[in-house]
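*Asks:* Spelled out from the first residue to the last, the chains are:
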Amino acid sequence: MSRKRTMTIGAAALAGAAVLSLSLSSCGKADMTKQTSPFAAAKGSKSVTLSVQTWVGAQSNVAVAKYLLEHEMGYHVDTVQVDEIPAWDALSQGRVDAILEDWGHPDQEKRYVKDKKTITAGGGNGVTGHIGWFVPKYWADKHPEVKSWKNLNKFAKQLRTSESGNKGQLMDGSPSYVTNDKALVKNLKLNYEVVFAGSEAAQITQIQQFAKEKKPFLTYWYEPQWLFNQVPMEEVKLPKYTDACAAKGAKDPKSIDCAYPTTPLQKFFNTEFAKKGGSAAAFLKNFKWTKDDQNEVSESIASGGLSADEAAKRWVGKHPDVWKKWLPKKK
Amino acid sequence: MSTSTPPIATRPLSDAVRPGPLRAVLQMRAVSKLLLLVLIAAVAVPLLQAKYGAAWPSSLTVDVSGPLGKTSDWIIDNRDSHWLFVYFLGHLSNAVVISVRGVYLLLLALGWTGVTAGVTLLAWRVAGLRIAVTALVSFLVSGLLGMWVPTMQTFALMVVAVAVSVAVGALLGLAAGLSERLFRILRPVLDTMQVLPAFAYLLPVVLVFGIGVPAALLATVIYAAPPMARLTALGLRGADAGVLEAVSSLGATGRQRLLTARLPLARKELLLGVNQTIMMALGMVVIASMIGAAGLGDRVYQALASVDVGAALSAAIPIVLLAIVMDRTTAAAGERLGADTAAAGPKWLRGRLAWVGVAVVTAVLALVGRVSGSLVWPDAWAVDLARPVNDFKEWMVDHLYSGVPVVGGTADWAAHFTDWVLNPLRDGLTALPWYATLLIVAALAWLIGTWRTALTAVLAMAAIGVLGVWKPSMNTLSQVIAALAVTLVLGFGIGVLAAGSKRFEAILRPVLDVMQTMPQFVYLIPVVALFAVGRAPAAAAAVVYALPAVIRITTQGLRQVDPAAMESAQSLGATRWQMLRQVQLPLARPSLLLAVNQGVVMVLAVVIIGGLVGGGALGYDVVTGLATGDLGLGLVAGVAIVCLGLMLDRVTQPTERRTAGKGA
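Protein chains in written order, with the numbering used here: chain L, 1 to 331; chain D, 1 to 664.
Errors might be hidden in some of the hints.
What the hints assert, rightly or not - Under the rule of at most 20 Å between Cα atoms (straight-line distance), these lysine to any residue pairs were calculated in the SDA-like manner: (1) L/Lys214 <-> D/Glu394; (2) L/Lys110 <-> D/Thr71; (3) L/Lys150 <-> L/Pro136; (4) L/Lys46 <-> D/Leu108.
Unchecked claim - Stretch by stretch, here's where chain L covers chain D in the computed footprint (C-beta under 8 Å, at least three residues): (5) 205–217; (6) 608–614; (7) 623–631.
Unchecked claim - Ranges between beta-carbon positions, derived for each pair: (8) L/Gly104 <-> D/Ile40: 50 to 58 Å; (9) D/Thr71 <-> L/Lys142: 52 to 60 Å; (10) L/Gly124 <-> D/Val368: 45 to 53 Å; (11) D/Val62 <-> L/Asn229: 49 to 57 Å.
The hints are simulated quantities; they were obtained by calculation from the structure and are not laboratory data. We put the CB at the ideal spot given by N, CA and C, even for glycine.
Required output: the full structure, derived from the provided sequences and hints.
*Replies:* If you want it as structure tokens, here you go:
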């Protein structure tokens, strides 16, 4: 019988705990848009939560910011991996405090920054991003004419894979990335099939595989990106980006027929954090570096085999002149 | 009970051996069913063809993206003001955060010495010395891999998720066990929940709760509660009628009868339910990290983003170890229930005093750890596993990817598999007129089940058409069929070998354990490196995931064949091959069918995750929906996946439903 009793005691304790935690929280309203992670600030320290996106450049921003916040300013930093658009939602709810690299999401900006005012713009992070179509250098050197979209159809045959069928393969990456490629292929009458790798990890793996065998490929890719140091690539010229074309595309995304714009990458903060975040918020507002700085960190993470923390430490050691300016002045 | 999948335990195998005459009648019934279908087809097909044509008619689709988009906007706009969120869901989410935080802080306060000691002693107390050693080693390894803090985060999340799942499941099971009516209502609901791939409902949960622990925990509960409910109901309904009668004749009230007779009699099932719930919950750890669950799953997910298989493995090993420890402990505790109490460990570890002992020793060790100044695992003791693993992966890829003499490289196989199997299958399924597909589904489901199963299957397929995702669904279906075929060929083959040799089975067992508990995300990137981006790596990952269950059920089925039948066959001078083909396999038919059924459900679950590595189709749509917050796209794809799952389940569901069995 004693075992049965322990089981009932256990069940009672469990139920008690559940009721307790419910009643603890159930005094009146419970705004679930203002809850932080249960793992945040576990030892009573000042803490900041940063969102990390899947690409390595974003990881580098976060790694360096995290390292400095922890070692120079005494904060505890939590990182959460979230896709781009859910990250906006998480930011507006205060689940994360800051996004350090956004590639332009006008809809979200309108909803959260202009209308709801739960997110505050934090200025540029100093890096300019560019999306385009790329081919490997070893292939472009042999066939320089491949560097214009007008000649792409001639090469479709060389680029066919079993996934793209009779057409050439244009490889895209994660579904969360900004892409018009399906519309571009159609509107430019290219004999290509857009094959989505489904994640950046899969895309990088595939590019490295192609490069190892010196096979030709055509891929959606972006700068700044550390992979260029490992697999040199050249951009394929698309019809020039114009404001008129952008306006047309804003109305109907299926009608886009020009290249991608060049975007200065932006930071965004949770409004509450921006106001009350103290020196951490001030520091993140000041955070601004260059493409080369970012790539230096990215490459040591992605191909140098360093952990993000070690990579940040190495960069911080080498460039005090850059980050000293970010630290808020002590009163 | 090892780490096998829940339905194995919950679906009883009935009518294992069917007598000859009955079989003949059945076959005649099958013929008449087919004839009837042919008749229906002869009338309906020309009409449908004339009216709609071969592709799914656009007049029969409903576009739900508009209303779904509006719903999603409404939720986002009202999440901080509407009473539903402020007074109900908000508290729910708050309670989750507070409970998880409470457990996490407790674990941190105990320090690594306290936690390790506590878990080890607990395992010793309830499950014996061997499992205690396993627990000790597992926790030390988690520390050694530098994963102590994420392991504790996952542990905290698991404790709360399992507690909630068990509570919810037990309540549902209690209701279903006591009321015939509720049982009838709940059964199809639970059936459906078990064929639901978790991937499909991440999006709605995130939309309501936002990214983070509450959403992750709820998704886990939805996934992990059904086995508890099923097994509770099964245990209550299976209670010996004689005992119950005796108890009521003693004048016990209904409540007394439940507490003193029915629940204690069902405790084995209850513990098995807890065990299954734990395994399911751990299976969700990595998938839940896609919506911000933190802990080990998040480490795996982050490592994959930078294509770091070694780091992913370092985080995955503690998940596997946690699973093994929790599984073995609860399973052993279950086996000991009702067994002789004297077997339960050394003397000083028995009785109520033992619990005090466990608490005291844990507290002392926790203090020792605190005094010596290291609450979390000391960094200096960490071992870097990532680099050697990555080197090994590189080596493997370099040598296997292409240009291997005679057999060709893995990339060539993948290309052939895509060209010769996946593409024709997909094109065939897409080109097949929709009514023909429905008829085939109806015929398969009807032959193997009742007209009800056939109706469910056909309705599920029709729903896919109505939602306007017929084409991607056929693409996904082709991947499932192809991966399933490979899984079954390999699984039956290995299963037959394992059934024939105890030693082979013993060697195989730990391998299968690891394959089953290893998060699928860990091998998604290596399969891309080996098989190139596309549908082939998705299929390969699905085969890896589904294979263990198929092998296990096959082995078990063949082993359970009546020895008398085997002996008589042997005495008639049958060779080993003849015995296998003419005695063992036919007698094990129900098990083999069950293996097919399990294989189907598991293959589907992974094929859609294959959306992350170029699998395309429905899985890709779900990922896109998640990544872009597009409820219309993601939810429709999710529902289509559920419909596919239902259809596949019904088409392969072994016959036991025909007899209104008592299985929950």
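*Asks:* All the hints need checking, so say for each whether the structure fits it.
*Replies:* Now the hints, each set against the structure:
As the CA atoms of lysine 214 of chain L and glutamate 394 of chain D are separated by approximately 17 Å, the hinted pair is consistent with the 20 Å bound. At roughly 19 Å between alpha-carbon atoms, lysine 110 of chain L and threonine 71 of chain D fall within 20 Å of each other, so this suggested pair holds. Distance restraint check for lysine 150 of chain L and proline 136 of chain L: the Cα-Cα separation of roughly 18 Å lies within the 20 Å cut-off, and the hinted pair is therefore satisfied. Among the hinted pairs, lysine 46 of chain L with leucine 108 of chain D is consistent with the structure: their alpha-carbon atoms are about 17 Å apart, no more than 20 Å.
Counting residues of the stretch 205–217 of chain D whose beta-carbon sits less than 8 Å from any beta-carbon of chain L gives 7, enough to reach three: the coverage restraint holds. With a threshold of 8 Å between beta carbons, the proposed coverage of the stretch 608–614 of chain D by chain L holds, since 5 of its residues qualify and at least three are required. With 6 residues carrying a beta carbon less than 8 Å from a beta carbon of chain L, the stretch 623–631 of chain D meets the three-residue requirement, and the given coverage holds. In this structure the supplied range 50 to 58 Å holds for glycine 104 of chain L paired with isoleucine 40 of chain D, their Cβ-Cβ distance being about 55 Å.
Distance hint for threonine 71 of chain D and lysine 142 of chain L: a CB-CB separation of about 53 Å, consistent with the stated range 52 to 60 Å. Taking 45 to 53 Å as the suggested C-beta distance range, the pair glycine 124 of chain L and valine 368 of chain D conforms, at roughly 52 Å. The hinted window of 49 to 57 Å between valine 62 of chain D and asparagine 229 of chain L holds, with their beta carbons roughly 50 Å apart.
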